[in-house]
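Here the sequence shown is numbered in the UniProt record's numbering, starting from 1 and rising by one per residue.
Among the clues, some could well be false.
[What the hints assert, rightly or not] The following label-pair restraints were derived from C-beta to C-beta distances:
1. 33 - 116: 18 to 26 Å
2. 117 - 158: 32 to 40 Å
3. 84 - 148: 18 to 26 Å
4. 144 - 117: 18 to 26 Å
5. 29 - 151: 18 to 26 Å
Derived from the structure by calculation, the hints contain no laboratory data. On a predicted model such as this, the values are computed, not experimentally measured, just so you know. Where a beta carbon is used, it is the ideal one built from N, C-alpha and C, also for glycine.
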Amino acid sequence: MPQACVRVRAVRTEDLAAVAGIYRHYVLHTRVTFDEVPPTPRDWQERAADLTRRGLPFLVAELDGAVVGYAYAAPWKPKPAYRHTVENSVYLAPDRTGRGLGGRLLAELLEECARCGVHQVVAVIADSGTESSAALHLRHGFTEVGRLRRVGRKHGRWIDTRLFQCAIGVDAMEEQV
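Given only the sequences and the hints, what does the whole structure look like? Please build it.
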């Protein structure tokens, strides 16, 4: 699929049913998310509104008028000193993986994060069927910085999480000096 055919843009309210549908697959059929009950479109409306209030990006990938993926940055932790650090999420429709969409979404998400003053982006990646997600993050400048062992249990299995981190904006420039 040519990248030019895909449009990455800010999420709109009418996109949230598609976002909910994409995520629902991962909640019900995989261990890549620790959610066990799929959020409703209304839950997604609240999440999108919260991210907008905070000035954080929530993007969708659109192909031929259909939402085929999304990415957003959410607060890493609630304490105020963490305000310049976010956790990213990138999800694609199951039939749209392996075509460069995740890379396009993540690249644009990182650009938007830098524009809104984010300095560190953290990716928490379940260690169960997520090799492509880990590789995606490594290709976009993330470094694996840790692992939490057996912190989640889903579909009858204990799951580790891998922690990845990427400095952007001012922090990225300081790290290069």
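Of the numbered hints stated earlier in the document, which are not met by this structure? When the structure is compared with the hints, none of them turns out to be violated.
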